[in-house]
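A.B. asks: The primary structure of each chain is shown beneath.
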Amino acid sequence: MKRHIISILIENEAGALSRVAGLFSARGYNIESLTVSATEDPSLSRMTIVTSGSKEIIEQIKKQLNKLIDVIKLMELTDGEYIERELALIKLRAEGAEDREELKRLSDVFRGHIVDVNSHTYVVELTGDGEKIDAFLKAVEGRCVIEVVRSGVSGIARGDRYLDVAAS
Amino acid sequence: MELSGGEILVQFLKDEGVEFIFGYPGGSVLHIYDAMYGQDDIKHILVRHEQAATHAADGYARSTGKPGVVLVTSGPGATNAVTGIATAYMDSIPMIVITGQVPLPVIGSDAFQEVDSVGITRPCVKHNFLVKDINDMAETLKKAFHIATTGRPGPVVVDIPKDITDPSIKIPYSYPKTVEMRSYKPVVQGHSVQIKRAVDMMATAKRPMIYSGGGVVLGEASAGLRQFVRKLGFPITQTLMGLGAYPADDEQNVGMLGMHGTYEANMAMHECDVLIAVGARFDDRVTGKLAEFCPTAKIIHIDIDPASISKNVKVDVPIVGDVGNVLAELNKLLDLSSTKFGKQSVAKWWDQITQWRSRECLAYDRDSDLIKPQFAVEMLHKVTKGEAYVTSDVGQHQMWAAQYYRFNEPRRWINSGGLGTMGFGLPAAMGVQLAHPEAQVACITGEGSIQMNIQELSTCMQYGLPIKIVTLNNRYLGMVRQWQEFTYEERYSMSYMEALPDFKKLAESYGHVGMEVDKPADVEAALKEAFDMKNRLVFLNIITDQTENVYPMIEAGKAHHDMRLMPVRELS
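Protein chains in written order, with the numbering used here: chain D, 24 to 191; chain B, 120 to 691.
This is chain D alone, in the form it adopts within the complex (with noise of 0.2 angstroms):
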């Protein structure tokens, strides 16, 4: 089952989250991750959803959300060229100076950023796409890991790809 991105430009009311999980939960299609935030425009809202299933499950998917009325446009970002983007922050046991060094080490080979620091622990910060996220927890396994917060996929499409309140 190939992973898909959905891009939602949705009202920005309170209960539309709800009804876009609801509606996943009541007809039983899987959900990945969900992120969602206001846009520059208050009024709306953007959601970024991480979905699988068959071509026919994906194309009711998008007819269901587009059924709901507080739903303005929608876009499959994986139809075309994208950006996705996830934040991780990770709490790792860091006890040892071989130890620290080499997790400083492993954090900037994946660009991340040591953001808090204490005599036995270090909190990193990692952006970039679920894969490189996964593969960072991967060189880290086992070890030391004591937490990890991920803010689940943001999207965008490249280039002139758009979902606006205008454009039909």
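These are calculated hints, taken from the structure and not from any lab test. All figures in this text were calculated on a predicted structure; none of them were measured in a lab. No residue lacks a Cβ here, since even glycine has one placed at the ideal position from N, Cα and C. Some hints here could point you the wrong way.
Cβ-to-Cβ under 10 angstroms is the rule here; a few derived chain D residues that face chain B [claimed, not checked]:
(1) 45
(2) 46
(3) 49
(4) 83
(5) 87
(6) 90
(7) 91
(8) 94
(9) 96
Once the Cα atoms are required to be at most 35 angstroms apart in a straight line, the calculated DSBU-like pairs of lysine-lysine come out as [stated by the list, open to error]:
(10) B:417 x B:677
(11) D:96 x B:251
(12) B:430 x D:96
(13) B:296 x D:86
(14) D:86 x B:430
(15) B:623 x B:501
(16) B:350 x B:459
(17) D:86 x B:417
(18) B:261 x D:90
(19) D:86 x B:261
(20) D:90 x B:417
(21) D:96 x B:417
(22) D:25 x B:430
(23) B:430 x B:325
(24) D:78 x B:430
(25) D:90 x B:251
(26) D:25 x D:86
(27) B:433 x D:78
(28) B:417 x B:459
(29) D:96 x B:315
(30) B:451 x D:86
(31) B:185 x B:451
(32) D:78 x B:304
(33) D:96 x B:304
(34) B:289 x B:261
(35) D:90 x B:304
Every beta carbon over 10 angstroms from chain D, so not counted as near; a handful from chain B, in silico [to be verified]:
(36) 254
(37) 473
(38) 613
Model the placement of chain B on the given structure of chain D, informed by the hints.
C.D. replies: Only chain B this time, still in chain D's reference frame:
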């Protein structure tokens, strides 16, 4: 003019042309009821249970095409209404349900009669609103009516906290004549390329089939459908929800399809090469086993809801649009087409259908000493000349009503097809009778279903509604019993009802007329007597053959050609 929130609601409903509100008062809506006091532009119908308010509004909507309006209080008022809201949602019925809510400052504090009405109803409404500011009241109500009645219709809930209707807070009001929503613009015109492709496909058909549903009724497209079917000369079958949109008595009509459809309709579905679905949604009770649904057919699907297209069955030519508009376009193209359509063009297919028809799948034992339920429905048809509005509950009696009361006009057959709500029939009949005071209104029900909203006999008395309740009383939850006979080796678990009330006396105690018959020879006379009492509600308890089954039957998960027919031994 300066009005309070409660007064705005009442004034708005008047401006919107609402005739009836079906409701029940309670704490959170007292300001609204006070604002309604002393006016007679809108008639408020006081039901005996909030579920009945929603079904009555639903019956009003189904029989008129206008939206039904419901007003209930917060908490249990709202939760009692949920079954009726879900019923309307499943059958795409336009309805506005106004629920009272506890005052804004105490929302979320588990206040007395507080429930998250917006949350509870979210999965079974087309949309819902919580009014948080009196200044939004009129526009929100306008949006609610707009959403409920356009596109694929459906119920809309408007939850109004009590402080919003406070009589001491007044604001200027003017009726919003129009509303613009950037996020909601239903498609109404079908795509011309797809329409042309559809006509080309029809021209190639050797074994065509038209399958129409409730969308034709909702879209007021019955006249367009009749023209379309006659121009083509193809056979047509209807879903349970679509009955009446095409006349049952017309020769091209092969009857209802699906689980209890006719032999000829289901066989023709199985064998057809081009299927034209008009305002129907490929429900599981219609399709049977999906993997074997119309195995040799190319499918054209006309529907206003894009999400209905290719949801259950993959479609070859989708046409999204208002059914009436699309049929008008199709009819135009058919007139211009060089192809000679008509019954003659598919004569061999009609020969095959005639052969299937000769099985007479709806024949039943007419010499029985017991009253056959099919006979009772046929007699009802005879006595009412086929012109009554017929509501039903859910179960065997519903299927017999659909099969044997031959509906020739749309909006006459009113039943809960999608959700299958027992207790729907009597309150729905109230809405129908109020909308059509001079019409004959019959509620075909069973002794199980009628008890689910029997308290409404009291409402019928208060408003003088001369409904004729025709109870096919077999002392069983018949459809459950039938499934237990067929698939559970006759283990009749909980399908027999003991301690039934004396329905005749029960009706009389509410001030109505009660009658009872148990001999076939008495049925017609009893029905005549009942309908001759023009101003009285009559509860006619018909004691029927206890073990009669609904045939034909496609058991769950089987394909169209795999039907169980009436056993021959029962036919004389």
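A.B. asks: Against which earlier hints does the structure fall short, listed by number upward?
C.D. replies: Structure breaks no hint.
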